[in-house]
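Novice: In the order they appear, the protein sequences are chains A and B.
Heads up: take any position in the first sequence, counting from 1, add 10, and you land on the numbering used here.
Heads up: take any position in the second sequence, counting from 1, add 10, and you land on the numbering used here.
Hint data in this document are derived by calculation from the structure and do not stem from the laboratory.
Where is the CB? At the ideal position from N, CA and C, for every residue including glycine.
Keep in mind that a hint or two might mislead.
[To be verified] Think about it this way: if two alpha-carbon atoms lie no more than 20 angstroms apart in a straight line, the pair counts; the simulated EDC-like pairs of lysine to aspartate or glutamate are:
no.	chain 1	residue 1	chain 2	residue 2
1	A	Lys156	A	Asp146
2	A	Lys38	A	Glu68
3	A	Lys143	B	Glu48
4	B	Lys38	B	Glu212
5	A	Lys96	B	Asp95
6	B	Lys38	B	Glu48
7	B	Lys201	B	Asp164
8	A	Lys156	B	Asp60
9	A	Lys96	B	Asp88
10	B	Lys96	A	Asp71
11	A	Lys96	B	Glu68
12	B	Lys38	B	Glu70
13	B	Lys96	B	Asp164
14	A	Lys143	B	Glu136
15	A	Lys96	B	Glu70
16	B	Lys96	A	Asp88
17	B	Lys201	B	Glu181
18	B	Lys38	B	Asp71
19	B	Lys143	A	Glu48
20	B	Lys96	A	Glu70
21	A	Lys143	B	Glu46
22	B	Lys156	A	Glu136
23	A	Lys96	B	Asp164
24	B	Lys143	A	Glu136
25	B	Lys201	B	Glu19
[Stated by the list, open to error] Derived, one-sided and incomplete: chain A residues facing chain B with beta-carbon distance under 7 angstroms:
no.	residue
26	Asn61
27	Cys74
28	Leu75
29	Ala80
30	Tyr83
31	Met103
32	Phe107
33	Gln110
34	Tyr111
35	Ser131
36	Val150
[Stated by the list, open to error] Going by beta-carbon spacing under 10 angstroms, a handful of chain B positions derived as facing chain A:
no.	residue
37	Phe37
38	Gly62
39	Ala80
40	Ile81
Residue-level listing of the chains:
Number of protein chains: 2
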Amino acid sequence: MLVLHDNTESGNAYKVRLLLSQLGLDFKTIQYNVVEGETRSTAFLSAINDNGRIPVVEFEDGRCLAESNAILYYFARDTAFFPDDKWQQAEVMKWLFFEQYSHEPFVAVAKYILTMLPDDSPRRAEIPLLHTKGYDALAVMENRLKDHNFLVGDGYSIADIALFAYSHNAEMGDFDLSRFPAILRWIERIKATPGYIVMYPEGWTRE
Amino acid sequence: MLVLHDNTESGNAYKVRLLLSQLGLDFKTIQYNVVEGETRSTAFLSAINDNGRIPVVEFEDGRCLAESNAILYYFARDTAFFPDDKWQQAEVMKWLFFEQYSHEPFVAVAKYILTMLPDDSPRRAEIPLLHTKGYDALAVMENRLKDHNFLVGDGYSIADIALFAYSHNAEMGDFDLSRFPAILRWIERIKATPGYIVMYPEGWTRE
Numbered sequence: 011m012l013v014l015h016d017n018t019e020s021g022n023a024y025k026v027r028l029l030l031s032q033l034g035l036d037f038k039t040i041q042y043n044v045v046e047g048e049t050r051s052t053a054f055l056s057a058i059n060d061n062g063r064i065p066v067v068e069f070e071d072g073r074c075l076a077e078s079n080a081i082l083y084y085f086a087r088d089t090a091f092f093p094d095d096k097w098q099q100a101e102v103m104k105w106l107f108f109e110q111y112s113h114e115p116f117v118a119v120a121k122y123i124l125t126m127l128p129d130d131s132p133r134r135a136e137i138p139l140l141h142t143k144g145y146d147a148l149a150v151m152e153n154r155l156k157d158h159n160f161l162v163g164d165g166y167s168i169a170d171i172a173l174f175a176y177s178h179n180a181e182m183g184d185f186d187l188s189r190f191p192a193i194l195r196w197i198e199r200i201k202a203t204p205g206y207i208v209m210y211p212e213g214w215t216r217e
Numbered sequence: 011m012l013v014l015h016d017n018t019e020s021g022n023a024y025k026v027r028l029l030l031s032q033l034g035l036d037f038k039t040i041q042y043n044v045v046e047g048e049t050r051s052t053a054f055l056s057a058i059n060d061n062g063r064i065p066v067v068e069f070e071d072g073r074c075l076a077e078s079n080a081i082l083y084y085f086a087r088d089t090a091f092f093p094d095d096k097w098q099q100a101e102v103m104k105w106l107f108f109e110q111y112s113h114e115p116f117v118a119v120a121k122y123i124l125t126m127l128p129d130d131s132p133r134r135a136e137i138p139l140l141h142t143k144g145y146d147a148l149a150v151m152e153n154r155l156k157d158h159n160f161l162v163g164d165g166y167s168i169a170d171i172a173l174f175a176y177s178h179n180a181e182m183g184d185f186d187l188s189r190f191p192a193i194l195r196w197i198e199r200i201k202a203t204p205g206y207i208v209m210y211p212e213g214w215t216r217e
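Sequences are here, hints too, so could you generate the full structure?
Specialist: Structure representation (structure tokens):
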């Protein structure tokens with residue numbers, strides 16, 4: 011069976027769980043405590059991902075694929091989650107790279123600092139800059155979504171899944187989503203897609 | 011004619027120039043001074059890229075495509091620069107996302123600080139951390155290249171182009187590439203590919 015090297019609190023891993031669930035694919039997960047460095051062990055680096063990060067998908071033959079958005083591409087290709095049209099494919103890619111470069115390093119990192127690190131962490135000093143840049147990214151999304159239902163074309167795609175992961179709970183990083191009414195409507199639209207699963211399973215608590 | 015919204019000193023823009031040249035496609039370029047904020051003007055944000063970055067490719071019908079690696083995908087798709095095999099396609103994507111998340115923010119930013127900002131810039135304080143993380147990324151590349159000619163499969167692809175852009179001149183960011191003999195051999199291999207062009211044209215000087 012497909013194995014997802016996973017962490018419940020990682021939005022990058024959640025992207026993969028969400029797509030696999032919506033595709034109806036079976037998989038099991040192995041959890042890693044990222045804060046305690048479990049993805050930097052010699053065993054993980056040599057066998058799973060030499061870049062020391064989750065998520066990684068491990069196939070039955072032992073091959074491993076890292077990078078959340080590459081995993082989305084692999085499974086979405088030739089399905090309704092990735093458009094056939096060449097231009098729309100390029101636009102999906104534009105949003106996937108936007109997500110990793112202009113959104114995740116700010117929106118996700120603010121959530122990480124505020125929810126995973128101690129209240130007196132010196133990294134709290136990063137929050138104002140993370141908010142400035144994170145709000146810039148959310149404004150780019152709002153600009154698209156104010157007159158479109160989804161990020162690319164007329165349909166739900168892996169572009170939406172990738173951006174949803176850290177946008178729908180941006181308030182955990184102290185972002186005020188009420189400034190972005192189109193994003194809020196888009197979040198509700200995604201929650202209504204078939205096979206949708208929440209990021210934090212019911213009853214889940216941090217160790 | 012195709013227009014590349016460009017900056018000579020941007021490795022992200024150079025990726026696009028290199029691929030378009032190797033594909034034999036004609037294009038003209040418009041230069042922007044990024045340091046002086048020319049990609050943040052109202053005209054640029056409203057007409058070219060609301061995320062305020064170059065490179066952007068503008069097609070004859072006015073459509074614009076941002077994100078260097080999405081542009082690489084668009085032009086390489088259905089050519090020898092992007093493999094047919096589904097698994098190899100996923101591996102290309104893995105390297106493209108690795109480049110934007112784990113390599114460029116460190117290797118490129120060190121070069122930017124050391125070559126574009128004044129000697130007394132407070133941002134010089136970032137250099138030690140940028141070196142630590144940049145060396146980590148270069149080590150991941152070395153691990154692949156020590157027994158392979160290219161990053162994916164047996165052939166030169168947009169994965170190589172994307173990683174080449176900021177690796178081949180990492181010494182401008184004070185990285186010591188002599189630690190990475192396989193990367194140095196790979197750089198020479200890429201310089202020998204048909205249609206290769208240098209990043210800084212002969213005689214080019216900073217304004």
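Novice: Checked against the structure, which of the hints given earlier come out wrong?
Specialist: Failing hints, ascending: 22, 23, 27, 35 and 37.
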